[in-house]
Amino acid sequence: MTRTTGKLARNVAWLGAGEVVLKGALFGAGVLVARGLGPAAMGAFTVAYGAAMVLMLVLTAGQAEVLIRETARRPEAVRALGRLSRGWQRRVALAAVPAAIAGAALVPDPGLRWTLLAFIPYAWLRSGLVSVGASFKGLDRMEVEVGGRSVELGVALLLLGALAMLAAPVWTTGLAFAAGAAGGLAVMHRQQRTLPEGAAPPVTAGFLAREGAVFLVLNLGLQAVLRLDTFLLAGFGVAKEEIGRYGVAAAPVWGLLGVAQLFAVATYPTVARAAAAGRLRLRHIAAIVAGGGAAGALVAGALTVAKVPLVRLVFGPAYLASVPLMGVLVWLLPAAYVMMGLGVLVAACGRQRWSLASQAVLLAGSAAANLAVIPRWGTMGCAVVAVSVWTLGLATSVTVATLAVRRPRRIEAAAPAGAELE
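Using our numbering, the first residue of the sequence shown is number 1, and each one after it goes up by one.
Wrong hints could be hidden among the right ones.
As a list, the in silico DMTMM-like pairs of lysine to aspartate or glutamate whose alpha-carbon atoms are at most 20 Å apart [as the list claims (entries may be wrong)]:
# : residue 1 : residue 2
1 : Lys23     : Glu143
2 : Lys7      : Asp109
3 : Lys7      : Glu19
4 : Lys7      : Glu76
Simulated from the structure, these hints should not be mistaken for lab results. Keep in mind the model is a prediction, meaning the values are calculated, not measured.
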């Protein structure tokens, strides 16, 4: 096994193990809230946690992807890059946090209002976990974020258990998660201080802000792509039960897309170093298309075989009507797996702005097609549109990746050390 292969295998192992543990812990948190605090509290918790994740994306300001790439290129400047990035995030927070507080304060339901407000500190602390973890990921040290997140969720679970026993108000769940995130961040900061001080930052805060803004738009756009069909179904007045069945069909599909994301994160530092050295070639695109397509098809085939017992055992017989929808949706995975891999390559080449073209195809195509098919075919129309649009987006992604490899951005020339952000 070569050194690079061994490094990639270790990255995948840590991220895979972490994904299992963290997803299990989040599931356990949901069970504690649902059983200990009741259905109404579970509803408020679900909405508030989801809102906190969106706010966390905004507060992170796309810096995770930038830090992984720039740290992989310049490991000697890891601490300086981290400080510069966190400084920009604090400036983003000065605008985003008051806006979030104002928005939450306008919610008429008092239970949901206070829960939304209580989760805002968690969103900020969680953005710190993501950013510090990104610095270590750029050094191929995936275990640091896994450890920090494990502390976060371990503390949160202990506190949630106590809150459930006390039948505490639901807004206290936000404080439990914030306490956990503070503990995890403290552990990660301790490890960060063991890194050598190293070189001065090789780029400016303005460069990090501009690069991160594109990744932020991509991240928010992906969330829109994943949820647009559900919003449109609700807008057309489709029955909630039918939308629920569609959600059940989509849940395992989007969950399995996380496998591709895991491999993408594991390979990102290595691909970034290869791009900086000018070693990326068209054959690497071909390898991603072949490997990602085969992996996606294998996963889709396995889910096709297992879909009936999966729905029956996990969701219950009442959701068996979701099986035909799942049988269609799974076939977006081959294209989605390839696109995830190509996105890493494009970002490593510094051309993430070009990835917006692929995402625009997905979003515009999905919106137009769903508007046309929902009135006639409902959720099955949405499933067919999803597969068609992701396959069309694949062609755009291959084109963008080819151009990025042929014309990588010279980041050193684009971001000389100099004046800070105006």
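Here is how each hint holds up against the structure:
| no. | hint | result |
| --- | --- | --- |
| 1 | Lys23 - Glu143 | holds, 16 Å |
| 2 | Lys7 - Asp109 | violated, 50 Å |
| 3 | Lys7 - Glu19 | holds, 18 Å |
| 4 | Lys7 - Glu76 | holds, 19 Å |
In summary, the one numbered hint that this structure violates is 2.
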